[in-house]
Amino acid sequence: MQAVPPASTAPNPKEQCLALASQAKLALQKGELVNAKRFIDQALALKIADAEFASSMIKPREVSMDIERAMRLRGMDPKAALAQQAQAPGSPLMNPSAGRVTTAGGLSDRQNGVQSGLYQPGSDASKIAQAGSQEGVLATDPQISGAQWYERGLEALARDDRDGAKECFTNAWKKKDELDPNSRVQLKDKLAYLQTRSEPEAVSAIATQDREAIQRKQRLFAEVSGEIAEAERMVNEKPYESMDRLKNLRTRVSQSEVDGAYRKQMLAMVDRVITNVESWMETNRSSIELEQRNKQIEDRNALDGSTQAKEDAQIQTLVDQYNELMDDQRFAEAEVIGRKVEEIKPNSEIAAMMRGRSVIERRVAEQKEIQAMKEEALVNSFTDAERASATYLTDSQPLQFPPVKDWYDLKKYRDKYNDESLKLQPSERQILELLEEPFSASFEERPLADAIKTISEMTGLIILIDEPSIAEEGLRSDQPITLDLRGNRIKLKNVLKNMLEPLNLTYVVRNEVVKIQSRRFMQQEMYSKTYSVRDLVIPIANFISDNNSGLGGALQAAYQAQDSFVAVNVQEQDAMGLRNSKLATIEPNADVLAQFAGVSPGAVGNAGLSRFGSDPMNANGTAGVLGGGSMANFSELMALIESTISPDVWLNAGGTATMSPFSQNLSLIVNAPQETHEQIADLLKSLRALQNLQVTIEVRFIKLSDSFFEKMGVNFQIQLDDNTGNRIPREDSGPSIAIGVETDPTSQNPNSLIPTADLDIRLSQGSFGTTIPSFGGFDPGAGSTIGVAILSDIEMFLFLQAAQGNKRSNVLQAPKVTMFDGQFGTINDTTSRPFVLGYAPIVGDFAVGQRPIIVVLNEGTQMNVQPVVSPDKRFVRLTMMPQFTRLGATDRQFTFQGKKSTRTGTSILNPSNGLPTAGRNNEEEIVEGITVQQPSFSQTSVSTTVTVPDGGTILMGGIKRLSEERIEKGTPILSKIPYINRLFKNNAIGRDTETLMFTVTPRIIIPEEEEEQLGIATRRP
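In terms of our numbering, the sequence shown is residues 528 to 1548.
Simulated from the structure, these hints should not be mistaken for lab results.
Check each hint, because a few of them may be wrong.
Said to hold, decoys possible - Here are the computed lysine-lysine pairs in the PhoX-like style, where the Cα-Cα straight-line distance is at most 25 Å:
#	residue 1	residue 2
1	K1056	K939
2	K872	K837
3	K791	K744
4	K715	K557
Claimed, not checked - Restraint ranges, calculated between C-beta atoms of paired labels, are given here:
#	residue 1	residue 2	range
5	D1356	Q1191	37 to 47 Å
6	N803	A597	30 to 40 Å
7	I1321	S1428	51 to 61 Å
8	N1508	T1480	45 to 55 Å
9	K872	N803	43 to 53 Å
We put the CB at the ideal spot given by N, CA and C, even for glycine.
Starting from the given sequences, assemble the full structure and let the hints guide the process.
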């Protein structure tokens, strides 16, 4: 066979490192720490990172740490271990023949002529490459040297090939003369390690016990030699430390596990050195002490210098960090750096400067930030005000949700921390969610245990069968069951119920598992659970208007605050049956809006809920003063639960279940079986769903008015000159003349005539001023006028007026209110005005006074409504009483006269005839009495009950008014002659039309439906 020639290239450093690490680990296992340290140092010198080795390979650095740990446990210095062994007389590192010796790799040590003795694979030119499948050929090749066999054995040992390594080491031992002494020792140790009792060939001459004893002696001698050499080296500079090392060495030698003779020999060697050192120290004590003092001073100075340098370096590093933080405007962190510099060098200028600057900059930055926050807050306030003026709500969308993502996150967190979630563990909540999932299964005469196991494997639930519990029903886990869902998918909890109910069994979620139990056992096993019922036991407030609010209530409270009680008749038009109220009494009509009889003012129903402003009463009848009892009614809810859910399990019916309210947080604590708890949870859920309905109601008061007027008028007068010179001749003397006469305005006799002032004959058409229409809002300045005067013997005056006007108005008032289903709601948009309508006499001692009776009248719109949603949630029944009130004339007064007197001065004469007139100068009328106000008050209202579809509109009622007037006045006959009749006739037309309608539009608000329409409940953004 042909041998494989040696490799021409240098060996792989990784393989060399692995081989040396394997040798070091083997030496460590045998206790040869010095050799192990030598091998691992050579492996580390190759500088191969541990990351290049696989996890199953030996890592040199881990082996090095193990070797150093073992050496420290034995009190050995890892750094001096190699030097100590090299100085030992019997060490294989020593070459007894002085001179220049060639190493195993062919290199010579030219410095000290001492042979290295270590096998260096990297410098061995005879190293061969791995033969792979030709390894058997190399095993029989006589040309392979002992060093090559040794190298191959190390490689096989690194691969954990013990048989191959043993074969290579055996061939190497056959050529041991070719190896250096250290390699022979290592080879012998490896053969001893690999040799079994049945194969003692190469090392049969060395007994295991003797070998261990020799090794202990060698180790002890190496240790003693090394320590003595180190102590002798230190004695000049550190005599006391050298003495301590020798004493510690003597202690270790005296406790070593070698034979007594060799121990005494080593002790004698150590004692001799100790004696020599002590003698030398005694001789040179003064110089040693002086040297020690000088050394201490030098060390202290060096320490101070190094401390100062260290502090300066730390401060320099901190200053750099400080500058970076200041540049980044991180002033608080820079202030912390300044404190650190102050701790390193207190009272220094640099520390004070750094600390002061950072504090000032931080405060300035804080002030700037505060100023920016104030500006931002001011801008946000103005922006919020502007944003509030823009509403996104419409009649078709009266409810607006937050943004979809925000609402989704809010629901997720609220569901996580709601009352029910906090009572369950996460795994139990997951179980309940899985029980709500759809499931389909079919079983025919299958054992109960197999069916439960199938469901458990398909759903992932842990379902256990309570054997003792089902045994009470005479059943076992192999009880056959049949369930055929015909491929339909129903909820998993209903699958379990349908499967277990025929066997009188049920399931319960307990301790993070689903447990199958008998129904009787489950009813006996009760546990407590707390239900939050605050939204069910606190009744929804019903609001009505009464005399305790507004201006009327303020007047009544003011009078009642006086010393004596004064009755104030507050006439408030609230359309709730209060118009017939008496003095200081408010008794609403119990027939209006389904009011309950016997309720105090401001209260609605028997729920004990007083109107805001009066003292609320709780369910026990005690006043809620200073935050006392809550207005909660637990009795109705508890009675409902006891009468509808498992009536025979409650304590009042002879059972063991109990239920108690806790008014502090409005909760209900129930101790009952799980099935009862599930029914209670379903009942509360349905009650909340029914109560969750809201209704938005909008009532429209629509007032349409139309006014029209038209007038065509002519004021025509003719005056004929009498030609008498304004003098009337004496009777029967002078010529006959014709003068004009007119009715005497001072006489009460209509036939009393007097001459006209200028004696002219006048023809007047007097219908012009009397044809003014009463309707239509006539305005004389709205048209056109023309006046003509012809002055001659026949004077003619003509004034023509033509006016026409049309006025239309549309007034809409649409109050809107949102309330719960079945709740009373009120919306009030009125202005209150007080009036003195009477006086009440007050009789005192020898005196009588008058106290006014004040009535408050409201002007505006008011609506009271009660909606009731139909069961199918498509229609709303509305009981409504809207009203519209308006004040008319408010300046009318009436005076009860007690005494009336008149004081006059001189009479006023008529300048035309010198006769006294009816008027007088300085006339004064004095009236003594009581004056009261008589305002006019108009009111329009509708009281009815209607049914309206959701989103629909219905006309509840309305009023139509038409007022029309036509006036025509003139001179008979002349007013009928064509063309000229316009001079002797005047006509006018006036018309007022008014229509008032009341419509109502309800809209049902279901929060879940709103969520679904917006996509909030079905998808995540």
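Open item on the list: Are any of the numbered hints broken by this structure? If so, which, sorted upward?
Closed with: Checked against the structure, no hint fails, so every one of them is satisfied.
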